[in-house]
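Undergrad: Residues per chain are reported as follows:
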Amino acid sequence: MNHLAEKYSEEIQAILAKYPADQKRSAVMPLLYLAQRESGYVTKTAMNEIAELLGITATEVASIVGFYSLYYDKPAGKYRIQVCTDLPCALRGAEEFLEKLCENLGIRVGETTPDGMVTVEHVMCLAACDKAPMFQVQSGEGLSYHENQTVESAMALIQSLKKGASHSNKDGHP
Amino acid sequence: MKVIRSLVLVSNDPRSVELGAEEVFRALHAEIRSQGLHDQVRIGTIGVVGEQQHLPLVMVYPEAVAYGPVTLDDVHLIVEEHLLKGQIVMSLLRFLQEPAGELAWLRTRSGALPVQQRIVLERAGIIDPYSLDDYLLHNGYTALGKALTSMTPEQIIDEVDQSGLQGRGGAGFPTGRKWGFVRAAPSHPKYIIANADESEPGTYKDRLIIEGDPFSLIEAMTIAAYAVGANEGFIYIRGEYRLAYQRLENAIRLAEEHGLLGDAIFGTDFTFHIHLHAGAGAYICGEETALIESLEGKRGQPRARPPYPPSYGLWGKPTLVNNVETLANIPAIIRHGSEWYRQFGTPSSRGTKVYTIMGNVNFTGAIEAPLGITLREVIEIYGKGMKHGRRLKLVQTGGSSGSIVPASLQDTPMDFESWRKAGASLGSGALLICDERTCVVDLAKVLLQFFRFESCAKCTPCRTGTQRLYQIVDAISKGHGALADLDELQQLGKDMELLSNCGLGQTASVALRDILKHFRDEVEEHILERKCRAGVCRIPALSPYEIAAAAATPSQAAIEEFEGSTESV
Ligand SMILES: Cc1cc2nc3c(=O)[nH]c(=O)nc-3n(C[C@H](O)[C@H](O)[C@H](O)COP(=O)(O)O)c2cc1C
Ligand code: FES
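Residue numbers (my numbering), protein chains in the order written: chain B, 2 to 175; chain G, 10 to 578.
Read the hints as simulated data drawn from the structure, not as lab findings. Check the hints yourself; a few may be wrong.
[Unchecked claim] Some chain B residues close to chain G (C-beta under 10 Å, calculated; not the full set):
1) P31
2) L33
3) G41
4) H147
5) I159
6) K163
Note that the Cβ used here is the ideal one computed from N, Cα and C, for glycine as well.
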């Protein structure tokens, strides 16, 4: 059974329609985004399902997941906080911000908080260089930018994310 | 704090004064007050602005709109419409058709905000990016209308060619010529791709264009498609640009609903569809052949070239790849003609450029200015001077693959030609302005770290070269360098330039090369005196034994560091 194909058949049709019928594998990137939205990361099962949909091998799908940094093949915190520490941001104190933020959360860069909610990572330029310190938050709900941040504002955001998440937990989401 | 929203400048040269400029000034002052805008609007004067027939002239910033000749009767209208409602008073507008002479080149007078010549950011921040109506009200789709109803594809290509427009994606290739190649390619179908993968650190101009004026990209692509003979187009947009993606999605939908995109555009038999394709965080996919591979559903690794995309691109078909900023120039060129466009910039580089200014200046952000302004102007006028009055040391241009430009070049006009001659590259237009506290070794290290991470690892010179360069520079920054290392850096950099498969490897060592050219003594200081004059690198003090050992040539420490390193990326 192809779970993705069943659950998202309409969306998948719309994605496939963007590309010529004999070039289906072009749809691999949007399909990976879809799979990731579903589970927070790209599961082995999803890779198989995408491979089946596109008529390529699961190994090929996996190699694409490995190539692009926005696809994850492992679960992490529900929210990935990705702080830009590229040069222009570093000049505006991004590294110190990242350090303090991690300190506040009691984790190191790359780690996840014990409650499984937040993973903090550093990334390359996100094209918001004049608004550093800045980070993006990635989760199943999508991706959002947060600019001109302080540790306080970031912690406040994290608190509200956690709260929002505990609500949706009650709604039965993982 | 009071926030000044607008700056109004009235010309006060002798001729303007003769024609009543002072009265206009006073009337504006009074009207601004009576409308209760005096906290948000500042008023001042400006010197010679050329073009006698438009005096007295009133300029309003930040839109850099010029009204003239302005009489007392117009004052109320300008204040109410422009300053209060934010709408440009079209009937009083000057230079709409032909910003000529000094105005196209107007430099800021002391104390005033900069004049920004806006072509690609013309509407950004002024219109509602979700509203097609707003776009139409601001000259939207007049260019496509003109192109489809009164120009042949050949005429369009000729117009673009005549305008002198060069690619803004980094390489500066003449746009009209590229379009001509794609049109002339014998095979079908043809595709066009807008390159919106912008991931050069410090660059966010394409994001500004798309977020601020998404319809202009759609309109430009439609014109391009008509010109080269394509019916299908893709926008390859950086995965992180969700907001820009949404705005484009909306713009495409609205344009399709109104017959401006899709089948039978403008009631003609021309058909063109645009699809969005989001990248997923690979810097290399900005390179056009890697982008095409990625769009084909493969790992984004550059192809060997030739063949180039105009003859063999997406799915092996002739493909036009243009940068977003390049395309954003097209509607204005078609609307006003190439003659008009050629008035901006310098003889070798026409038009404007969007620069993103970062680093140790008082103002950071994006500006659009004619090609050919100098770094000094950017820093003094747009950047409002160096922070804390510190001295300029260098400017890193064009993101990671750009050049390191020493302060001594700050009076060189920034256009493709002059900078090429000076051995520098404008690249994407990112300007990272650094003062004396910047250490060049540290800078090189940060940049190489980026390349080491972003190398797609397909070709060996780039994969191992970026690693090795980083390790050597890292060793130098820790006091483990030797003079011989500098030769190796230089040789390795040259090899990478020659042997790498694509621009990433070819340009990864450019910054390092520039640093060794302009700041070699400072790098040597790290090695010989174990000193970082900027105080950035933490070099531990030497023991007497180490001092003796350091005098011996090849850098054993660096070699060990390299061999012992199992770091992977
Ligand atoms: C490593 C590398 C990265 C690039 N990144 C971009 C990019 O993000 N955006 C872009 O438009 N061009 C980028 N380019 C240039 C493209 O390959 C191509 O020249 C450009 O899109 C052509 O458009 P233009 O003629 O309008 O400039 C990059 C080139 C290289 C070598
Ligand atoms: S350097 Fe951080 S967003 Fe550009």
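Undergrad: Tell me, which hint numbers fail for this structure?
TA: Violated hints (numbers, rising): 3, 4, 5, 6; every other hint is consistent with the structure.
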